[in-house]
Amino acid sequence: MPLAREESSPLFAGTAAGTLRLIFYLALAMVLMVLDHRNGWLLRLRYASAIVVEPVYRLAALPVDGMRALSVAFADRRTLTEQNQRLREDLLLANAKLNRLSAVAQQNERLKELLDTQHSLDLRVQMARVIGVDLGAYRYRMLINLGARDGVKAGQPVIDAHGVMGQVVDVLPTSSVVMLVTDPDHALPVMIERTGLRTIAYGSRNGEQLTLPMIPIAADVRPGDKLLTSGLGGRFPEGFPVGEVRTVGPSQTGMFLEAHAQPSADIDRSDEVLLLHDLAEPVGPPPLAHPAGPPASDAPPPPSSAAMARVTLPAGASSAVKPASAQSAGAVKP
Amino acid sequence: MSRQRLSFWWFYGTLAFALLLMLVPLPHVLDPFKPYWPALVLLYWALESGEQRVTLGLAFVFGVCADLLNGVLLGEQALRLCVLAFIALRFRSRLRFFPMWQQTLAVLALLLNDRFLLLIVRAFAGESAPAALWWGSPFVSAALWPFLFLLMDDLRMRLRLQ
Numbered sequence: 000m001p002l003a004r005e006e007s008s009p010l011f012a013g014t015a016a017g018t019l020r021l022i023f024y025l026a027l028a029m030v031l032m033v034l035d036h037r038n039g040w041l042l043r044l045r046y047a048s049a050i051v052v053e054p055v056y057r058l059a060a061l062p063v064d065g066m067r068a069l070s071v072a073f074a075d076r077r078t079l080t081e082q083n084q085r086l087r088e089d090l091l092l093a094n095a096k097l098n099r100l101s102a103v104a105q106q107n108e109r110l111k112e113l114l115d116t117q118h119s120l121d122l123r124v125q126m127a128r129v130i131g132v133d134l135g136a137y138r139y140r141m142l143i144n145l146g147a148r149d150g151v152k153a154g155q156p157v158i159d160a161h162g163v164m165g166q167v168v169d170v171l172p173t174s175s176v177v178m179l180v181t182d183p184d185h186a187l188p189v190m191i192e193r194t195g196l197r198t199i200a201y202g203s204r205n206g207e208q209l210t211l212p213m214i215p216i217a218a219d220v221r222p223g224d225k226l227l228t229s230g231l232g233g234r235f236p237e238g239f240p241v242g243e244v245r246t247v248g249p250s251q252t253g254m255f256l257e258a259h260a261q262p263s264a265d266i267d268r269s270d271e272v273l274l275l276h277d278l279a280e281p282v283g284p285p286p287l288a289h290p291a292g293p294p295a296s297d298a299p300p301p302p303s304s305a306a307m308a309r310v311t312l313p314a315g316a317s318s319a320v321k322p323a324s325a326q327s328a329g330a331v332k333p
Numbered sequence: 000m001s002r003q004r005l006s007f008w009w010f011y012g013t014l015a016f017a018l019l020l021m022l023v024p025l026p027h028v029l030d031p032f033k034p035y036w037p038a039l040v041l042l043y044w045a046l047e048s049g050e051q052r053v054t055l056g057l058a059f060v061f062g063v064c065a066d067l068l069n070g071v072l073l074g075e076q077a078l079r080l081c082v083l084a085f086i087a088l089r090f091r092s093r094l095r096f097f098p099m100w101q102q103t104l105a106v107l108a109l110l111l112n113d114r115f116l117l118l119i120v121r122a123f124a125g126e127s128a129p130a131a132l133w134w135g136s137p138f139v140s141a142a143l144w145p146f147l148f149l150l151m152d153d154l155r156m157r158l159r160l161q
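Chains as they are written, first to last, in numbering that gives the first Met the number 0: chain A, 0 to 333; chain B, 0 to 161.
With the rest of the complex left out, here is chain A (with noise of 0.2 Å):
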């Protein structure tokens, strides 16, 4: 067979036609990839296919899921019992924890209503399952089992049990892609809890640590720093754990200090996450709680609305309090 085609594939020169198509492909894939690159089409055509994408995906994490199932199944009595143990534990803790917490939630909500900010401590969150595929980009995304059907959108922070975790960078109808914190792209604004420094954490190249390459250097930053999201840029809402500082040095340039960090969400174990709702407050200054102008005097009837507000407001932020928080144990229990 070979030597039928002889003419047709030379030994060792090829015909020109071969050369020619090849510049033609490789100039359709660049025209591809620009045009991807610049106005983000694989967005809208992977959405348009997810109708076959997402069964393959669904195919390509059953290994994984059968990992899972397997380690289970064949877990012995003991290390299931001592999990047990370990977890009612941790829920007891937990609870005892909550319990005293609420109270000064509350106390906090109100004495933050008579100041007029918007913080919020009540918690809207959907759990997430991890799917188990690798999507290549050097593994610094993962991709959850909820998707448009369920509301996400892009930007939302993931959290696991024990800090932040990455944000939702692309949306399908029934899963989506999140970026982890640890990947080169992502930057997230945060605070060193002891100091109350703000600066921001990169991710790194190896995806296992964060960078925190400007600190000044008269900062005061030792390795043991509890790092918090600051809730700057207002896609991630403050005062979540992100990592904990192990080493600190002069950066390269020697302008700033450099600090590295290690996240505190299991960034490589964790198979269920937590999305969160709306929480992050709005870009930009808050509105202007009292608008200048005249004084009350020449103007009797809105202050008279403006203070039936300040006096309804509380009531129906505490009775809104509740419903919240018990929605949001009502998600984390199950």
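Where hints are given, some of them may not hold.
Said to hold, decoys possible - Derived coverage of chain A by chain B (criterion: at least 3 residues anywhere in the stretch with Cβ under 8 Å from a Cβ of chain B; other residues may be distant):
(1) 31 to 37
(2) 51 to 58
(3) 216 to 225
(4) 229 to 240
Stated by the list, open to error - Some chain A residues well away from chain B (every beta-carbon gap over 12 Å; in silico):
(5) Ser48
(6) Glu88
(7) Asn107
(8) Arg204
To be verified - Computed, partial: chain B to chain A, Cβ under 8 Å:
(9) Pro24
(10) Leu55
(11) Asn69
No lab work stands behind these hints, which were simulated from the structure alone. Yeah, the Cβ is synthetic: ideal placement off N, Cα and C, and Gly gets one too.
Based on the hints, put chain B in the right spot on chain A.
Same frame as chain A, but now just chain B:
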């Protein structure tokens, strides 16, 4: 007729299976060493049946499918697989009659070239450089090549497919 149809399905089935294998994750430690399955399977078919089946157009479409699944950059794998298929088809007559160890070295060279292409594309797309371990993958793929080749060849012979 049915044998022809069977060999048709066998060909496309192996390609689809390679895409699926590309998506299956490995344990975290082994992850940087994951072989690039679509390239290996495409190489096998390029050496085995040449331009009758593996054309540049097929490599391109196959690459676009892989890009759609992977979701990195549309056209990236299409470009890489096109180059791979072109080189393999150009030197097919010689590669086929190499002894296995020489063929393995040739595959290693092809896959290293592929990684360089990927690095260039990623650099243009503005992504950061990968860790050093990332270069381990072509070596693992090349080490697997003889086994893959013999397995696929054996299966093909047993099923008496083209």
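Tested hints:
1. 31 to 37: holds (count 5)
2. 51 to 58: holds (count 4)
3. 216 to 225: Result for this restraint: violated, n = 0.
4. 229 to 240: Since 0 is below three, the answer is violated.
5. Ser48: For Ser48 of chain A, whose nearest Cβ neighbour in chain B is about 6 Å away, the distance does not exceed 12 Å, so it is violated.
6. Glu88: holds (28 Å)
7. Asn107: holds (40 Å)
8. Arg204: Violated: least Cβ distance 6 Å, not greater than 12 Å.
9. Pro24: holds (4 Å)
10. Leu55: Where the cut-off is 8 Å and the nearest Cβ of chain A is about 5 Å from Leu55 of chain B, the hint holds.
11. Asn69: holds (4 Å)
This entry does not satisfy hints 3, 4, 5, 8, going by the numbered hints stated previously.
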